[in-house]
Every structure is written in C-alpha cells, then in structure tokens.
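Asker: Sequences are here, hints too, so could you generate the full structure?
So the sequence shown is numbered by this note's numbering: it starts at 75 and just counts up by one.
Honestly, I wouldn't trust all of these hints.
Claimed, not checked - Simulated crosslink set (SDA-like; lysine to any residue; CA at most 20 Å straight-line): (1) K170 with V159; (2) K233 with V159; (3) K114 with Y219; (4) K114 with V216; (5) K82 with L215; (6) K114 with V224; (7) K82 with T92; (8) K170 with R152; (9) K82 with V179; (10) K170 with S80.
To be verified - With beta-carbon atoms standing in for the labels, derived distance ranges: (11) R151 with I90: 18 to 24 Å; (12) I90 with G128: 17 to 23 Å; (13) V213 with H98: 30 to 36 Å; (14) T164 with V227: 18 to 24 Å; (15) F230 with G91: 40 to 46 Å; (16) K182 with G91: 19 to 25 Å.
By construction, these hints were calculated from the structure, which means they are not laboratory data. Idealized CB from N, CA, C, for every residue including glycine.
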Amino acid sequence: VEFGTSIKELIDSWNIGTNTWLRHHVYLRMAPPGTGASAKATVLTFLVSAWWHGFYAGYYLTFVVGAAASNAARTLRRALNGAAVNAAETHGPLVKQAYDVAGWVLSKYALDFAAVPFVVLALGPSIRAWRNNYFALHVGLVLVYLAFNVARVGRFIPKGSRDRQKTA
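Answerer: Written out as structure tokens, the structure is:
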C-alpha cells in the first residue's frame, strides 16, 4: 500500500475485498468496461464507501475529496504518463523514475490530507485542520481541473511512444 506511485494503486491496494466489491457492484454498473473511466462513477463509488463506513461528516469529507483527487490523478496520469515514458526513452530511465517518485509523493500527500476528516470524524475540526494547511489539496485539485478541463493544457503535452505506434 505504502509504495503505490498513484492514487489508484494506493486505493486498489488498501482494502482489497471492499475495493473489489465496490468496483464490481457500484463503479462498473455506472461505467461498464469499454466506456472509459467515469468521474461520476468514481464519485458515486466513493459516496457509497462513505455511507458504508457510517454517518460521520468526516467520512463524507474524506471520500468526496478522495473522489476528486482520484479523478484529478487520472487526468494527470493520462496527460503525463506517455510524455514521461517518451522522455525516458530519449533521456534515460531516470526521467521515468523521477516521474514515479513524484507520483508517489503527491499521491501520499493527497491521501494523507484527504484522510484527516476520516480520523477526526467531526465537521468543524476537519475543516479547521484543512484550513490550517491552507486547503492546499483543494487548491491543487481546482488548478488541475481548470488546467486540463477548461484551459485544455493537455493538448500541448507531447504524447508517448505508445500513442505514436497507434497512429503509425
């Protein structure tokens, strides 16, 4: 669990039995295979997980922010992974290793930040904890959303070698 290089890897390794059940009974019903990942299906799956845990505000805060972080991470991974692989082919494996380390650090930070309300449970102290950290994850998630969904900066990022092979 501790060494996943993405939020998806960390979550997939967390509680494998529950994760499998949620994937098959909630997520895949909302986003069947072949239709692509769905942000709405991710949010609904995280909300079901919050409901499963109980009715403390902290669970809902954690899982809503976790869903947003998961969707943002998916967006970043789709935009940057090909470029990192391509850069590694050109400049050596250190580039991909740096990309993986950055993914690990950011994923751990995001989950640690999002999980504070899960531990605290109460609404007021959870918001205070996030405020004491300047809502840094929230700001980052908004910036990723604006950059990739509004400004569409992903179109300026070179694609990886796998993308070139598909078009060849």
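Asker: Can you list which hints this structure breaks, lowest number first?
Answerer: none
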